[in-house]
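Participant: Each chain, letter by letter, is given below.
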Amino acid sequence: AQKITQTQPGMFVQEKEAVTLDCTYDTSDPSYGLFWYKQPSSGEMIFLIYQGSYDQQNATEGRYSLNFQKARKSANLVISASQLGDSAMYFCAMLGGTSYGKLTFGQGTILTVHP
Amino acid sequence: GAVVSQHPSWVICKSGTSVKIECRSLDFQATTMFWYRQFPKQSLMLMATSNEGSKATYEQGVEKDKFLINHASLTLSTLTVTSAHPEDSSFYICSAATGTEIQETQYFGPGTRLLVL
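From first to last, the protein sequence lines are chains D and R.
Here the first sequence stands for residues 3 to 117, numbered as in our numbering.
Here the second sequence stands for residues 898 to 1014, numbered as in our numbering.
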């Protein structure tokens, strides 16, 4: 069975500062992928970043980077230079090698960016 | 990037009626589509996996006779909520993927808000 845990129900950050959203996971699959999605109040799910379990380097996409610590089974999302438009719900998700495409989602973290 | 559309975006219906929600991949062929429901401030719950040309696979606890899923083509999947009741009111989201490998990004539709009166 796979499990994703996001322990921060809500986070606050000042505009232009960096913020880290935590995500830990558990799986017995040797191969897996980790994803982060952003869900603004409109409801759409926006793909942010992907990290494969065998990737040697941490994934980066613009202001988003994924701090992947395989031994600790953590895949934290770092957002640099926060913007007001970053205020949203953020979900960490995992796809295991035997999941047949089924994503397992964490509980989500509501990020609020203050001006 | 890949675009997935859903129609309608909002639907209000009377209890007992059926509602059909469409999910389309606009610029790619999706071998697999997924249907989720989401209650306010909660995570997404997978309802079923839909593969083109075959029967959908439902998650435990999801009534397949109530939530009918059809995946008629590589770009279209439909979810029909039959005899909808107020407890079916929720946000329904579909996603589409070109495959089921671990690196396959799922692209989500904008969602459909269903309110059953």
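Wrong hints could be hidden among the right ones.
With a straight-line cut-off of 25 Å between C-alpha atoms, the simulated DSS-like cross-links for lysine-lysine are [unchecked claim]: (1) D/K104 to D/K18; (2) D/K5 to R/K917; (3) R/K917 to D/K104; (4) D/K18 to D/K75; (5) D/K104 to R/K911; (6) R/K917 to R/K961; (7) R/K938 to R/K952; (8) R/K938 to D/K104; (9) D/K5 to R/K911; (10) D/K104 to D/K75; (11) D/K72 to R/K952; (12) R/K952 to R/K917; (13) R/K952 to R/K911; (14) R/K917 to R/K963; (15) D/K72 to D/K18; (16) R/K961 to R/K911; (17) D/K104 to D/K72.
Over 12 Å on every C-beta distance to chain R, these chain D residues come out as not near it, computed from the model [stated by the list, open to error]: (18) V15; (19) E17; (20) K18; (21) E19; (22) D24; (23) T26; (24) N60; (25) T62; (26) K75; (27) Q109; (28) V115.
These are computed hints drawn from the structure, not numbers from a lab.
Ideal Cβ placement from N, Cα and C applies to all residues, glycine included.
Participant: None of the hints should be skipped; say for each whether it holds.
Facilitator: So, going through the hints one by one against the coordinates:
For the hint linking D/K104 to D/K18, the alpha-carbon distance of about 35 Å lies beyond 25 Å, and the restraint is violated. Proximity of D/K5 to R/K917 is assessed by CA-CA distance (about 32 Å); at most 25 Å being required, the pair is judged violated. Restraint check: the Cα-Cα separation between R/K917 and D/K104 comes to about 23 Å, which is no more than 25 Å; the hinted pair holds. Distance hint between D/K18 and D/K75 is unfulfilled; the C-alpha atoms sit about 29 Å from each other, more than 25 Å.
For the given pair, D/K104 sits about 32 Å from R/K911 by alpha-carbon distance, which is inconsistent with the 25 Å threshold. At roughly 14 Å between alpha-carbon atoms, R/K917 and R/K961 fall within 25 Å of each other, so this suggested pair holds. About 31 Å separates the Cα atoms of R/K938 and R/K952, which puts this hinted pair outside 25 Å; it is violated. For the suggested pair R/K938 and D/K104, the alpha carbons sit about 21 Å apart, so the restraint of at most 25 Å is met.
Restraint check: the Cα-Cα separation between D/K5 and R/K911 comes to about 37 Å, which exceeds 25 Å; the hinted pair is violated. A hinted pair counts as satisfied when its Cα atoms are at most 25 Å apart, and D/K104 with D/K75 qualifies at roughly 19 Å. For the suggested pair D/K72 and R/K952, the alpha carbons sit about 37 Å apart, so the restraint of at most 25 Å is broken. With a CA separation close to 17 Å, the supplied pair R/K952 and R/K917 stays within the 25 Å bound.
This hinted pair does not check out: R/K952 and R/K911 have alpha carbons roughly 28 Å apart, beyond 25 Å. For the hint linking R/K917 to R/K963, the alpha-carbon distance of about 12 Å falls within 25 Å, and the restraint holds. Restraint check: the Cα-Cα separation between D/K72 and D/K18 comes to about 29 Å, which exceeds 25 Å; the hinted pair is violated. Between R/K961 and R/K911 the CA atoms are separated by roughly 21 Å; this keeps the pair inside 25 Å, and the hint holds.
Restraint check for D/K104 and D/K72: satisfied, since their Cα atoms lie roughly 21 Å apart, inside the 25 Å limit. The claim that D/V15 lies off the interface holds: its Cβ sits roughly 19 Å from the closest Cβ of chain R, which is beyond the 12 Å cut-off. Against chain R, the non-interface label of D/E17 holds: every CB pair exceeds 12 Å, the least being about 24 Å. Remark: the non-interface label on D/K18 is consistent with the geometry, its nearest Cβ contact in chain R lying 27 Å away (cut-off 12 Å).
Chain R leaves D/E19 outside its interface by the beta-carbon criterion, the shortest separation being 25 Å against a cut-off of 12 Å. In this structure D/D24 is separated from chain R by more than 12 Å, as the shortest Cβ-Cβ distance comes to about 15 Å. Against the 12 Å criterion, D/T26 stays outside the reach of chain R, whose nearest CB is about 15 Å from its own CB. With a closest Cβ-Cβ approach of about 16 Å to chain R, D/N60 is found to remain outside the 12 Å limit, as its non-interface label requires.
For D/T62, the non-interface assignment is confirmed: its Cβ lies about 16 Å from the closest Cβ of chain R, beyond the 12 Å cut-off. For D/K75, the condition that its CB be more than 12 Å from all CB atoms of chain R holds, with the nearest at approximately 16 Å. In this structure D/Q109 is not separated from chain R by more than 12 Å, as the shortest Cβ-Cβ distance comes to only about 5 Å. A cut-off of 12 Å between C-beta atoms confirms that D/V115 is not in contact with chain R; the least separation is 18 Å.
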